[in-house]
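Sequences are here, hints too, so could you generate the full structure?
Number of protein chains: 2
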Amino acid sequence: MTYNIAVAGAGGAVGRTLVRVLEERDFPVSRLVLLATSRTAGTGVDFRGEKLAIEPVRPEAFVGIDLAFFATPTEVSRGLVPEAVRQGAVVVDKSSAYREDPEVPLVVPEVNPEVLEGHRGVIANPNCSTIQLVVALSPLASLAPLKRVVVATYQSVSGTGREAVEELRLQTRAVLEGKQAVPQVYPRPIAFNLLPHIDAFSADGYTKEERKLVTETRKIMGRPDLAISATTVRVPVEVGHSEAVWVETERPVEPETYREALAQAPGVLVMDDPGRGVYPTPLDAAGRDEVLVGRIRRDPSVASGLVFWVVADNLRKGAATNAVQIAEELLTRGLL
Amino acid sequence: MTYNIAVAGAGGAVGRTLVRVLEERDFPVSRLVLLATSRTAGTGVDFRGEKLAIEPVRPEAFVGIDLAFFATPTEVSRGLVPEAVRQGAVVVDKSSAYREDPEVPLVVPEVNPEVLEGHRGVIANPNCSTIQLVVALSPLASLAPLKRVVVATYQSVSGTGREAVEELRLQTRAVLEGKQAVPQVYPRPIAFNLLPHIDAFSADGYTKEERKLVTETRKIMGRPDLAISATTVRVPVEVGHSEAVWVETERPVEPETYREALAQAPGVLVMDDPGRGVYPTPLDAAGRDEVLVGRIRRDPSVASGLVFWVVADNLRKGAATNAVQIAEELLTRGLL
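Here the protein sequences line up with chains V and R, keeping their order. Count along the first sequence from 1, then add 85; that gives the number in my numbering. Count along the second sequence from 1, then add 85; that gives the number in my numbering.
Source of the hints: derived by calculation from the structure; they are not laboratory data. It is possible that some hints are incorrect.
The list makes no distinction among identical chains, and a pair is therefore deemed to hold if it is satisfied within one copy or across any two copies.
With a Cα cut of at most 30 angstroms, we get these calculated DSS-like pairs of lysine-lysine [what the hints assert, rightly or not]:
#1 LYS232 / LYS293
#2 LYS264 / LYS136
#3 LYS264 / LYS232
Treat the numbers as computed from the prediction; the structure is a model and nothing was measured.
Right, here's the structure in full:
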């Protein structure tokens, strides 16, 4: 059995990675349609030895499509996802358009695949920083209920898109040549700098990115009451998001017990032997599908707490790979 | 009244900044002696329009010196600070050699200048990441007792020294040219990457840097029992350390109340209007003496908590400026 697949937003960083991951994982594709807004339409993307042209995204493009991946801005998803569903496609959407909708499953296959049952045509793919967090939290939650989570993120520029990667490179080159870094994508220079600012600010002082990390983690973990606080920061790294995480649990969990649970958990790679220089960095995560966890230690500042460090490729597990894994889970469960 | 001053470690990043800060703040210097190990001895440093040669550091160099600033590695301080004191100098030492010694005052002038009274010749200058943290915590502690502090750091390479700044630039240039980043100073590439690893690892999984942040904060704030946990991370930034901070207090403190207390506090610059793009970044802090604080907001994950973001120039307030401020305080109190 093979399927007609569409990728909307195929010209972007996540869209291109999606096409690569579909090929790598040998997804049962019969026809692959690549779609994008006018800006990238016309350029080609390699798939199974062929160069596929990106077509302009239009509602009619979804006729005959079984499964559509959306890697588009939220406004684009809001407009076109309902069209794709109307044409009969099941949609896995990367934008934040549907994530908080109680009728839409928000899925990380290692954590909550069961919520795919009864989907109504749209499945939301969580935010990159949320995905790697819940993959690391889930094995801990099965050892002891989580009481409170504190997260500081170190997020790479590819999370913003290809133009941000270009901006980092251009600004960095300029600074090395003694010139000024000219910000265009970000409000301030990102070369040799960092910004405690991802997405828009709300009146309460939090950014939308921080709010997403809180609300999405609660929804995926089925813990609407979970106490969680985040500060999200953009750093001058191209690929790979990192997170410093503090978790209080209802009962004490030994670092070694958590380490063993992680080692058994799907999609996790434990890199935790710091005395021998073994801990994850963004460069270790880039190009991989696992969530890397290291620096697991006791938190002596609370009765029952652990501290650890989580790194993942934000374009792959944080976006494309997770989307394709959702699709694979739909197939396994006969939900397509 | 003027004084004979020595700067040991004058060839390094902090030593050079010390000489600049002494000049900027018009410190009452009669004679300035610059000292360093053989590697940088012989090179010159500008001071008040003159190029002063760096002399090799030897015990005899401290004869006739009233005040000696040490910006040397811990082992060098351990060997030479007692010599300088024996020769009659008062020493302000930047290394970690004496910081935990209960007989040695560990001082941030905005926070605990009174402990300078009764010093025995050595005053310890705290670690860079500690200084900016306690300057931000102190006004909050005067509003409500602190219960627990959680800190994630984003520390620039200049904290390691000039050779690390050079390594970041060389590696960055190499990566932009499609070449390999070759690590020498750090165990892994730092260009477009980050390392959750500053200083050596202990058996409990924490680094020495993390331990310093805990023990020094407790000592300076006079709170040996303070619950505090840190993750310290090296980022590809040249100058300026940033910290994401969560504080639980015994009583609720409104963000606005803390903001007002900070605005009155010495050595602090509040940059907190995120809706208008006002928040501190390392580039804002570089070259300044204040500790910049922004992104102050309520922490809804605890009964009484605040979250904020603290940035400072690690070579200036985190090192040289704090040392010179200690010396100024010694003069004011007639303790030299």
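We went through each hint and held it up to the structure:
no.	hint	result
1	LYS232 / LYS293	both (23 angstroms within a copy, 28 angstroms between copies)
2	LYS264 / LYS136	between (39 angstroms within a copy, 28 angstroms between copies)
3	LYS264 / LYS232	neither (49 angstroms within a copy, 46 angstroms between copies)
Comparing the model with each earlier hint shows a violation of hint 3 alone; every other hint is respected.
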